[in-house]
Amino acid sequence: MRLLLMALIIAMAAGLAYAILSLPAESAGLSVYTTENIAISGVTNPVTAVLLNYRAYDTFLELGVLLLALLGVWSLGSTATASQRPSAPGPVLDNLARVLVPILIVVAGYLFWAGAYIPGGAFQAGAVLGAAGVLLILAGWRINHRLVGLPLRISLVLGLVVFAVVGTLFMLTDRQFLEFPPQYAGVLILLIEGLATLSIGIALAALFLGADPEEDDN
Amino acid sequence: MNLIFDTHWVMMLILLPLFGAVACFLWSRQAVTLGLITAVSVLLSVIALTLQVLEQGTLRYAVGGWGAPLGIDLYVDGLSLLMLIVTAVVGVAISVYSSAYFKPGKAKHYWPLWMFLWAALNSLFLSADIFNLYVTLELMGLAAVALVALSGSASALAAAMRYLLISLLGSLFYLMGVALLYHAYGTVDIALLAQQVESSPAVWAAIGLMVTGLLLKIALFPLHFWLPAAHSSAPAPVSALLSALVVKASFYILLRLWLDVFPEANLALSYLLGLLGASAIIWGGIQALYQTRLKLLIAYSTVMQIGYLFLAFPLASIIGWKAVFYLLLSHAIAKTAMFMAAGNILFYGGHDQIADLDRVAQRLPITLTAFGLAGISLMGLPPSGGFIAKWLLLEAIILSGQWWWAIILIAGGLLTGAYVFKVIGFAFTQAEVPHEPRMVPKRMEWVTLTVAVLAIMLGFMAPQLLALMDLGAPFGETMS
Amino acid sequence: MINTIFLYALAGVGLFSLGLYALIVHAHLLRKILAINIMGSGVFLVLVSLADRTQGIAPDPVPHAMVITGIVVAVSATALALTLMLRVRSETGQAELLEEPPK
Numbered sequence: 001m002r003l004l005l006m007a008l009i010i011a012m013a014a015g016l017a018y019a020i021l022s023l024p025a026e027s028a029g030l031s032v033y034t035t036e037n038i039a040i041s042g043v044t045n046p047v048t049a050v051l052l053n054y055r056a057y058d059t060f061l062e063l064g065v066l067l068l069a070l071l072g073v074w075s076l077g078s079t080a081t082a083s084q085r086p087s088a089p090g091p092v093l094d095n096l097a098r099v100l101v102p103i104l105i106v107v108a109g110y111l112f113w114a115g116a117y118i119p120g121g122a123f124q125a126g127a128v129l130g131a132a133g134v135l136l137i138l139a140g141w142r143i144n145h146r147l148v149g150l151p152l153r154i155s156l157v158l159g160l161v162v163f164a165v166v167g168t169l170f171m172l173t174d175r176q177f178l179e180f181p182p183q184y185a186g187v188l189i190l191l192i193e194g195l196a197t198l199s200i201g202i203a204l205a206a207l208f209l210g211a212d213p214e215e216d217d218n
Numbered sequence: 001m002n003l004i005f006d007t008h009w010v011m012m013l014i015l016l017p018l019f020g021a022v023a024c025f026l027w028s029r030q031a032v033t034l035g036l037i038t039a040v041s042v043l044l045s046v047i048a049l050t051l052q053v054l055e056q057g058t059l060r061y062a063v064g065g066w067g068a069p070l071g072i073d074l075y076v077d078g079l080s081l082l083m084l085i086v087t088a089v090v091g092v093a094i095s096v097y098s099s100a101y102f103k104p105g106k107a108k109h110y111w112p113l114w115m116f117l118w119a120a121l122n123s124l125f126l127s128a129d130i131f132n133l134y135v136t137l138e139l140m141g142l143a144a145v146a147l148v149a150l151s152g153s154a155s156a157l158a159a160a161m162r163y164l165l166i167s168l169l170g171s172l173f174y175l176m177g178v179a180l181l182y183h184a185y186g187t188v189d190i191a192l193l194a195q196q197v198e199s200s201p202a203v204w205a206a207i208g209l210m211v212t213g214l215l216l217k218i219a220l221f222p223l224h225f226w227l228p229a230a231h232s233s234a235p236a237p238v239s240a241l242l243s244a245l246v247v248k249a250s251f252y253i254l255l256r257l258w259l260d261v262f263p264e265a266n267l268a269l270s271y272l273l274g275l276l277g278a279s280a281i282i283w284g285g286i287q288a289l290y291q292t293r294l295k296l297l298i299a300y301s302t303v304m305q306i307g308y309l310f311l312a313f314p315l316a317s318i319i320g321w322k323a324v325f326y327l328l329l330s331h332a333i334a335k336t337a338m339f340m341a342a343g344n345i346l347f348y349g350g351h352d353q354i355a356d357l358d359r360v361a362q363r364l365p366i367t368l369t370a371f372g373l374a375g376i377s378l379m380g381l382p383p384s385g386g387f388i389a390k391w392l393l394l395e396a397i398i399l400s401g402q403w404w405w406a407i408i409l410i411a412g413g414l415l416t417g418a419y420v421f422k423v424i425g426f427a428f429t430q431a432e433v434p435h436e437p438r439m440v441p442k443r444m445e446w447v448t449l450t451v452a453v454l455a456i457m458l459g460f461m462a463p464q465l466l467a468l469m470d471l472g473a474p475f476g477e478t479m480s
Numbered sequence: 001m002i003n004t005i006f007l008y009a010l011a012g013v014g015l016f017s018l019g020l021y022a023l024i025v026h027a028h029l030l031r032k033i034l035a036i037n038i039m040g041s042g043v044f045l046v047l048v049s050l051a052d053r054t055q056g057i058a059p060d061p062v063p064h065a066m067v068i069t070g071i072v073v074a075v076s077a078t079a080l081a082l083t084l085m086l087r088v089r090s091e092t093g094q095a096e097l098l099e100e101p102p103k
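So the protein sequences, as listed, match chains A, B and C.
For the first sequence, the positions run 1 to 218 when the working numbering is used.
For the second sequence, the positions run 1 to 480 when the working numbering is used.
For the third sequence, the positions run 1 to 103 when the working numbering is used.
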């Protein structure tokens, strides 16, 4: 059986390799179009221009995917068993968290800001922010009781909602959804990315935590 | 400004359920009310979009104002419009049903997930961009998996896990195909690809990858192994959504790609798909007949009905495509009614063992009537929607001269008849173990009957539905 | 230059195929989830590497953006899959899917 499977997969790989090698050696893809419009995209980093302007709708839905995954994880309930309860962090972890978390937050802020002109952006920054959250969770830090309900949920949906609201606002002025006027595009992208960074970071840390902290309290 | 003709209903159809999901998530105590409000507003938006499209013709919407190939386009023709309509109709019915079905502890998880699923379905049917379709496929897949796991039982969790792995695998095959097409032609827009695609190794590899990935998600025999467990262990309203809409959404993508992007030359592949479809009809029908649990029986019936959809591939005629699309619509409605009926029976008796359906006919006459009506449509008896679809399919088969498919069609009808009557028969006989019944909320029974009646009514709407399908000529221009 | 680009793309095909093999032969769910991620990396590598066929000018940014989108989707799906795996384990005592009765 395994030999047959191996043979099948090797045949598939060979076919794919042949297909890829048959592609033209030169292709500009869409880079001509992306370069032509970069001046009115609001940013100078072409990848950010694609993510937050030309194909912003993909990015918008993808923030939805992240939120949805968290909803799915929360709907599964608690997975923690007695043996998985966190033990008190040792002094090394505790001090490491104290030193690293502020640095990570600064790095996240820089990455988000830099995304407009060099590689970086909301997802990279959100990932670093999420890492800071994971470190805090490992070090035994838990979110304040007063913040676990609605405030936490609002922070999770903020990126998606502001994205949608900004996109919708311009529909009222005879534009399409997510069609930013060039003169405001830069500011709007910065606003959306900033809030998306926050939501992404919190969502990633929450995914690591597993169950809904509100339900864990009860 | 004219409200109906100037509003961006296309976007509203995606944004409304998305905002609905966020609202249900933020205010989970009011989730049922918020969900029902969203459901009604989505239905109204679909009606408005239909009016808009009937007045102005097919619609292309450039999100972000860029337009293909740089931006992402949405596209509405008869095909996407009918999918949106059937989704809205099933969606409202399911929402009403679910408002009584779930206990509050489950409802607060169910509603945001269901609203997300709805947003995913609508955005999928509207998308004209193969990469954007990948994102909507994942959105749909993750929502569906979480909904399957909702009951929390060991079997539901295992089914959800398998479903997730299959779903991700299918998506990756699809995405690899997208990568090849993009690097070959520098665009991911379906219309632009359709103009440029010609036979080449990259295109063939993309066809192989994308068709395989989508067949996994559609669960065409023999790739159906994950479906019965996932569809039968989910809560009843979720089973209905999966069988009626989620499986169809992947088929919709396949249909779009097949008609627009993949060149005509794949004759052998189309026969293979027809053959797999025929096997699915026979295999699914026989398996359904052998099942002892009602929901598993209905799930195998879905495996079978999926088979019919693939009979159009070897026929490759406009009437053949219309026939299977008609079948898709009537199956969606009939299967929703059937799973709702099974949900009522399960709710009432606490189990769905077919042999113990003791005197359900007397206790739940509305539910049993609904089950029978849905069965009529599945069997393809007049005057139901299923009848029109199979009639058209028979016509396409005769016109193509490939008479052997007709044998499958008739055998499938007989098998369906056999398993539907098996259930109805047991419902009338007295079982040895008496049930401890739990009252079924009236709302759940009546909405089940309404949907079942609609499945029959679909047979009377043939002229309108077939005319809508012609909008934008998704199946090609009719020769006149 | 061109040769390295295609070499990376072929490596992507290799990862995709290895991941597929591992997904099918391994029973443990963690390995299956890892295998899916390796397959995903393979697809991303194909997408990104072939974007550099622009002859001197900057690489095509569109596939890069697609990969970022794909990574976020992969992270989300992996998180859901891992949680589901833990739930399956706590309900059935093992992180494997039992073979279903032959049907």
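Heads up, a few of these hints could be off.
Claimed, not checked - Here are the simulated distance ranges between beta carbons:
| no. | chain 1 | residue 1 | chain 2 | residue 2 | range |
| --- | --- | --- | --- | --- | --- |
| 1 | A | GLY90 | C | LEU98 | 51 to 61 Å |
| 2 | A | GLU36 | B | GLY152 | 46 to 56 Å |
| 3 | C | ILE71 | A | ALA11 | 26 to 36 Å |
| 4 | B | VAL40 | A | TYR184 | 48 to 58 Å |
| 5 | B | ALA411 | A | PHE208 | 51 to 61 Å |
| 6 | B | ALA411 | A | ARG2 | 55 to 65 Å |
| 7 | C | GLN94 | A | GLY90 | 24 to 34 Å |
| 8 | C | ILE71 | A | PRO102 | 25 to 35 Å |
Stated by the list, open to error - Not the full set, but computed from the structure, chain B residues with beta-carbon under 7 Å of chain A:
| no. | residue |
| --- | --- |
| 9 | LEU70 |
| 10 | VAL135 |
| 11 | GLU138 |
| 12 | ALA355 |
Rather than coming from a laboratory, the hints here were simulated on the basis of the structure.
Ideal Cβ positions, reconstructed from N, Cα and C, are used throughout, including at glycine.
Do the hints match the structure? See the list:
1. A:GLY90 <-> C:LEU98: 51 to 61 Å: About 39 Å separates the Cβ atoms of A:GLY90 and C:LEU98, which means 51 to 61 Å is violated.
2. A:GLU36 <-> B:GLY152: 46 to 56 Å: Given a distance of about 53 Å, which is inside 46 to 56 Å, the answer is holds.
3. C:ILE71 <-> A:ALA11: 26 to 36 Å: 29 Å, holds
4. B:VAL40 <-> A:TYR184: 48 to 58 Å: The hint (48 to 58 Å, Cβ to Cβ) is violated, given that B:VAL40 and A:TYR184 are roughly 35 Å apart.
5. B:ALA411 <-> A:PHE208: 51 to 61 Å: 53 Å, holds
6. B:ALA411 <-> A:ARG2: 55 to 65 Å: 37 Å, violated
7. C:GLN94 <-> A:GLY90: 24 to 34 Å: 32 Å, holds
8. C:ILE71 <-> A:PRO102: 25 to 35 Å: 26 Å, holds
9. LEU70: Holds, because the Cβ-Cβ distance from B:LEU70 to chain A comes to roughly 4 Å (cut-off 7 Å).
10. VAL135: 5 Å, holds
11. GLU138: With a minimum Cβ separation of about 6 Å from chain A (threshold 7 Å), the hint on B:GLU138 holds.
12. ALA355: Since chain A brings no Cβ nearer than about 33 Å to B:ALA355, farther than 7 Å, the hint is violated.
Figure legend: structure checked against the earlier numbered hints; hints not met, in rising order: 1, 4, 6 and 12.
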